[in-house]
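Starting from the known structure of chain A, fit chains B, C, D, E, F, G and H onto it as the hints suggest.
Number of protein chains: 8
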Amino acid sequence: MAKPYVRLDRDNVAVLLVDHQTGLLSLVRDFDPDKFKNNVLALGDLAQYFGLPTILTTSFEDGPNGPLVPELKAQFPDAAFIPRPGQINAWDNEDFVAAVKATGKKQLLIAGVVTEVCVAFPALSALAVGYDVFVVTDASGTFNEVTRHSAWNRMTEAGAQLMTWFGVACELHRDWRNDVEGLGTLFSNHIPDYRNLMNSYAAVSSR
Amino acid sequence: MAKPYVRLDRDNVAVLLVDHQTGLLSLVRDFDPDKFKNNVLALGDLAQYFGLPTILTTSFEDGPNGPLVPELKAQFPDAAFIPRPGQINAWDNEDFVAAVKATGKKQLLIAGVVTEVCVAFPALSALAVGYDVFVVTDASGTFNEVTRHSAWNRMTEAGAQLMTWFGVACELHRDWRNDVEGLGTLFSNHIPDYRNLMNSYAAVSSR
Amino acid sequence: MAKPYVRLDRDNVAVLLVDHQTGLLSLVRDFDPDKFKNNVLALGDLAQYFGLPTILTTSFEDGPNGPLVPELKAQFPDAAFIPRPGQINAWDNEDFVAAVKATGKKQLLIAGVVTEVCVAFPALSALAVGYDVFVVTDASGTFNEVTRHSAWNRMTEAGAQLMTWFGVACELHRDWRNDVEGLGTLFSNHIPDYRNLMNSYAAVSSR
Amino acid sequence: MAKPYVRLDRDNVAVLLVDHQTGLLSLVRDFDPDKFKNNVLALGDLAQYFGLPTILTTSFEDGPNGPLVPELKAQFPDAAFIPRPGQINAWDNEDFVAAVKATGKKQLLIAGVVTEVCVAFPALSALAVGYDVFVVTDASGTFNEVTRHSAWNRMTEAGAQLMTWFGVACELHRDWRNDVEGLGTLFSNHIPDYRNLMNSYAAVSSR
Amino acid sequence: MAKPYVRLDRDNVAVLLVDHQTGLLSLVRDFDPDKFKNNVLALGDLAQYFGLPTILTTSFEDGPNGPLVPELKAQFPDAAFIPRPGQINAWDNEDFVAAVKATGKKQLLIAGVVTEVCVAFPALSALAVGYDVFVVTDASGTFNEVTRHSAWNRMTEAGAQLMTWFGVACELHRDWRNDVEGLGTLFSNHIPDYRNLMNSYAAVSSR
Amino acid sequence: MAKPYVRLDRDNVAVLLVDHQTGLLSLVRDFDPDKFKNNVLALGDLAQYFGLPTILTTSFEDGPNGPLVPELKAQFPDAAFIPRPGQINAWDNEDFVAAVKATGKKQLLIAGVVTEVCVAFPALSALAVGYDVFVVTDASGTFNEVTRHSAWNRMTEAGAQLMTWFGVACELHRDWRNDVEGLGTLFSNHIPDYRNLMNSYAAVSSR
Amino acid sequence: MAKPYVRLDRDNVAVLLVDHQTGLLSLVRDFDPDKFKNNVLALGDLAQYFGLPTILTTSFEDGPNGPLVPELKAQFPDAAFIPRPGQINAWDNEDFVAAVKATGKKQLLIAGVVTEVCVAFPALSALAVGYDVFVVTDASGTFNEVTRHSAWNRMTEAGAQLMTWFGVACELHRDWRNDVEGLGTLFSNHIPDYRNLMNSYAAVSSR
Amino acid sequence: MAKPYVRLDRDNVAVLLVDHQTGLLSLVRDFDPDKFKNNVLALGDLAQYFGLPTILTTSFEDGPNGPLVPELKAQFPDAAFIPRPGQINAWDNEDFVAAVKATGKKQLLIAGVVTEVCVAFPALSALAVGYDVFVVTDASGTFNEVTRHSAWNRMTEAGAQLMTWFGVACELHRDWRNDVEGLGTLFSNHIPDYRNLMNSYAAVSSR
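Protein chains in written order, with the numbering used here: chain A, 1 to 207; chain B, 208 to 414; chain C, 415 to 621; chain D, 622 to 828; chain E, 829 to 1035; chain F, 1036 to 1242; chain G, 1243 to 1449; chain H, 1450 to 1656.
Mixed in with the good hints, there may be bad ones.
Said to hold, decoys possible - Distance condition first, Cα-Cα at most 25 Å in a straight line; then the derived DMTMM-like pairs of lysine to aspartate or glutamate: (1) A/LYS35 to F/ASP1214; (2) D/LYS726 to A/GLU157; (3) F/LYS1038 to H/ASP1541; (4) C/LYS449 to D/ASP653; (5) B/LYS312 to B/ASP218; (6) F/LYS1140 to H/GLU1606; (7) G/LYS1347 to E/ASP920; (8) G/LYS1277 to E/GLU973; (9) B/LYS280 to E/ASP920.
What the hints assert, rightly or not - Have a look at the derived ranges for each label pair, beta carbon to beta carbon: (10) D/ASN810 to H/SER1655: 26 to 32 Å; (11) A/ALA202 to C/ASP476: 58 to 64 Å; (12) A/GLY51 to H/ALA1523: 49 to 55 Å; (13) H/ASP1460 to B/GLU352: 48 to 54 Å; (14) F/VAL1164 to A/GLY51: 56 to 62 Å; (15) C/TYR463 to H/ASP1458: 54 to 60 Å; (16) G/PRO1246 to C/VAL594: 56 to 62 Å; (17) E/ASP890 to A/ALA202: 55 to 61 Å; (18) D/ASN799 to H/SER1655: 19 to 25 Å.
The hints are simulated quantities; they were obtained by calculation from the structure and are not laboratory data.
Just so you know, even glycine gets a beta-carbon here, dropped at the ideal spot from N, CA and C.
Chain A extracted, bound-state conformation (with noise of 0.2 Å):
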């Protein structure tokens, strides 16, 4: 039975970071740092952009694992953050599903590290009460390709939808005409092949 297509839809969408940490980060090896790090920033961006309420939520932060990453700390200094004592499945903490049900949303839109424990844990539960789960793959990192095919295997037959950081803007923004200089500059920002194409057209259309 083909799964209904399940529209993003800006007035009904939270987003999830669970446990972009400095330390946890240095797990990440399915993708190039600059290439993580920059999708990490897009989504972030996108969230901020979309004014989507945004959940931040951290593992241990005093050890190891180490603090948020800062950029993403000051750019939403007014979100629900939530470090968590102990429980690795955030949706394990209370907190943090009040938070969730706190925003009123029905769409989530879950990242993190790692994939297949700080991501698919709470996708899981969140399926499970009946959201709709949107992963967003390439904001969430993991040890390498066998780590990760296997977590999107478990959160795909679950019902989660997979996504990436471009398609969620694309979908949210449905038409360039409701802004097209905000959906232009992020682009401009995180896509540099983009970023290039604005630069060339500029340069002729200015002559």
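Chains B, C, D, E, F, G and H in isolation, oriented as in the chain A frame:
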């Protein structure tokens, strides 16, 4: 539950070519450029060879995305051509949907740039309203393998079938005897190994 | 809904070898040629070893596609051999379907060149009429990984099971005690690492 | 229909280690040997750490397949150990099935060599009789990526869940506070990057 | 001791195309077929564009190696064409050496199939008698990367310079102002990304 | 004969940035775009940080090649900027050579797009007249690995040394004590893993 | 200074096969096993075909390294066979050096397992005393690409030439007319693509 | 001119381990972490086994770079340990050079993190003053393959020899009979495939 075998039927197929624009093509990095160009033109050639109604659409032709690649434009001078004023999902454009409906076909072959947006969004929309959707994977390009596989996964789960241009040509043609020379020419023009086989064969046979 | 475990039963299996022709093999680029040759011959050897009814078919033997590889022809002198006059999908050939029916078997092992056409089309057709279809993935070759994965996806969604020749041999044999030497010889001839293990073992044991 | 979230429960889990034998390990080429050795021993360590009932089995220990790797044998001196006299599918061995039943557990973690046979066959058999099966993909090795993905596909379609040893450990542990040091030691011993994080942290903290 | 910079001089260059035959091309597996075909034809086009004396040679045209690829034959109707009766090293053929000498050029561009034989042997022979040899690496194909790198190493150590067709064209042309359109057309025909740049540019400029 | 160790000396180094133009960058496919952008900007930052005389040059800015990337233009407002009217080898442009001479430096760091032309040609020319040439390999991009390695080979054989931006920065700086914070900031801005180390360290240290 | 072209001369070549033992072969992971087995046997076949004096040697046959692979032993029943009692570098064994000298040849083809030890050590020793050394790279295996390239680099710098079995055969044979059928059989037995060409050719020609 | 064969002599070798620090190791991405950890510890073990004088050095231990990995510190309690206060090139530190001189050895084995800086700089400096330098490539890590190959190239051109830990151990040991068990233990501890061979052998032999 297994999907039933929906077999391509040349009397019931329309082709949707979405956003193969000269600027956007620089974003495609999951294929070598020589191969991708060949695959897109092969799909154009087969659409023409089988006389399939073909719909071309672009996004923001006048901006950095650039115009439709001239070869495709030249190949389908009489095709429906829908330059979208802003809708990212082509299916959100009424003229586009009308053009699809006007073909009277139920099976849609979709290819475009980039896969997770320009292909996936109309594919999901078309599936939702009952079309049989076949994604031509090797004529659809995107940023990298993570975005590709995320897009394939989302479309497959929603009921799309993944095919490639060679498979499409073979399933449409059914029997070499329908036109040996025509199909052979299509393959010779787009599969160098096949061309070599034919040239080797011709050399020996003609002696 | 999970697929039930349909286990290969040597009394209920037929093997379909589709279009392993000397010309078409030059199209196969998702396997190294040494490995692919070995896999195809291993499948031939196991069909013979287990006494499975085997059907050979080719497409346009007299043209550039070239003849059936001589090793397979020699290995199955009495097998049904259906040179198709033009049908691309072997299942569209009545003689081929009749030959399959004549085996009286319900489980079909299919391998061929190229995967998305010569394997996928008869696999989908056979599934549609109720056969249990097992694709021998490593004895089936195609242009590249995009065509391979598109074909695997389409066949899997339709109900096919993906296996490899080694798995097939093991599932058919069930128990080493049925014939240690026979199975060992099959593995020694087609798995260099296994051959090395046996030779090392024999050297020490014989002292 | 999405699979429900069956969550690992340390009171309901048994571990099946199938055919990790010194000879057979030379067949494993889809992992680097250093990494694979580490993954298998990590799974052994976690089974021991969580006190999970563990069943070891081998195929033809006295022949070229070689003995069980000594580290595993040493680690589970009191575990059920079933050297199979010939059955390829461990589930065809009555003692093995009895040992599984004797654990009284419903959730089975399975790993072994090679994936498409020694893991897939008992996984499919166990699913068929109602167990929840979790394949530990990174402690299961095989010839190459084609055999791996064919095996993953077959098992997934039949209802198995794909996990990796790190995910298993995290899902079983649930909360770091249950034993910070124990889990930390497990990770430090088997994840070099984590060990480095801990050592860096300790160095600064102790000043 | 560093090699001095021997710069290509269009008045002193001859091109040797060795054994680009329809059969032998099926041996080439270190390049994707679409890309390799493009590279070879690009080299042919540049030889023609710069009016470089070009020598074509083949090995056993009448046997399985097959005829020279027809496109090259058509492109150089008046070029020296030396079908060798048996010599594997083209430099062992007196007519071939005479043809090279007859050009009066000192700088030789060599490309062919397969790299370690048809290219390396005449390259080494030509170096030994004092020619400056430039191997066009991307128009020379072979079995795999081990054979390629072994061949590159042997030729480089003997004094050959490794270049690619694009570098050759640029070093011969020296200055765009010599013929902007001609060079631009060459690049547009053989570099899809460059063609896209030109088409995008033309679209904006023409407004 | 081994090359002597010519060590970078910040008082004797000039930087040549050749053709990093918005159009030409779409040709670069031997690096992921995120990484390549980062590498080029890192080289710009280090040139600025060490106060190295820097020369910028472009080829046909007004055509499809596009303008210099704006970030570099902004970073070096007072640098020599030589838009070449047509010369492909920047060293064929008298103004460029004059600008190099005017720096009075003997050690040249060269980076550009594409490696085998815009980098290799001036590198070979500069070597021929006695400069010490250091190619910054990771800030120089090209079509693919075959063109890259051919270019590296040709330049190395002629006496160039291959370095990367990180090695250049370290060899110029010599001793962290010269300015810990400055070098640390450079690395933090362009090496995500280093940034993480610093942030983790800062978090613990500040407690 | 460029190396002169030392061309293989069948009257002046000896072959050294070092430590192709059934146990040691399990260490080889820079080649697929099917391909490596084929390459080693191809080298054996060509040595036999050209009647080259061949010396076989092993290290610790009676221990875990295992015996010489039986195929080679069978192929050279009368060859010098030097089971070394302990020397790791075969050149440290007086009998081995004596056997090499006894051939009276100056050009040595060396292949073995593992490349950086069993091949590199005798290669370096032979070079040091004036032999011309040709490493058969594709019949020499090792742990991974880092060890391979380190070994190639060390041997090349010391004066060895890198060749592959196919290049060796071609350089020894010089001219197809010396024996078309013999060389063709060698290639047909070890190059599946060549075999296919021959079979296709034969099929058409015989009509 | 070929480099002469400088053979490692255990009476004339010192080992330099440069900056294997817990923080810096997170920068290493040209090796899988499990494999790199194994390689570094293998080098430590062989230095200890052969009783080679070993010098350890670190850069900024108290900052983000982190302390020397504890295993190495523990393994060489009495070795010279030079924590550098700021010099990036260890050879710029007088104590380090003095420690090297104090060993009285002429052959230096160098490994470290990252290859193009911590290894290449002292390697080039040591070569410049007449040492024989052997880079242990697989115990030296860096950001990616571009930085690795640039570093290898620069060091090789300056006269360094590239080796790996296994080759080093074999060249130092010369003859198994010097201590079969000791060398065997070293290999068994760091080469899983070798350990398996030994365990298989022991199992059969002990019967």
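Just to be sure I understand the hint, the distance between the Cβ atoms of C/TYR463 and H/ASP1458 should be within 54 to 60 Å; is that true here?
56 Å, holds
Mind checking the hinted window 55 to 61 Å against the Cβ distance between E/ASP890 and A/ALA202?
59 Å, holds
Are F/LYS1038 and H/ASP1541 close enough, with their CA atoms no more than 25 Å apart?
OK: F/LYS1038 and H/ASP1541 at ~20 Å, within 25 Å.
Assuming the hint says 26 to 32 Å, is it satisfied by the Cβ distance from D/ASN810 to H/SER1655 or not?
Because 30 Å falls inside the window, the suggested range holds.
Restraint status (C-alpha distance of B/LYS280 to E/ASP920 at most 25 Å):
The hint is violated at about 51 Å.
Are the Cα atoms of B/LYS312 and B/ASP218 separated by 25 Å or less?
8 Å, holds
H/ASP1460 versus B/GLU352 beta-carbon gap, inside 48 to 54 Å or not
Roughly 52 Å apart at Cβ, these two residues keep to the hinted range, so it holds.
Holds or violated: G/LYS1277 and E/GLU973, Cα atoms, limit 25 Å.
Roughly 13 Å between the alpha carbons, so the hint for G/LYS1277 and E/GLU973 holds.
Range hint compliance [Cβ, A/ALA202 to C/ASP476, 58 to 64 Å]
60 Å, holds
Restraint check for A/LYS35 with F/ASP1214, where alpha carbons must lie at most 25 Å apart:
Not satisfied, since the Cα-Cα distance of roughly 29 Å exceeds 25 Å.
Restraint status (C-alpha distance of D/LYS726 to A/GLU157 at most 25 Å)
23 Å, holds
Could one say that the CB atoms of D/ASN799 and H/SER1655 fall in the range 19 to 25 Å?
43 Å Cβ-Cβ, so the 19 to 25 Å window is violated.
In summary, the numbered hints that this structure violates are 1, 9, 18.
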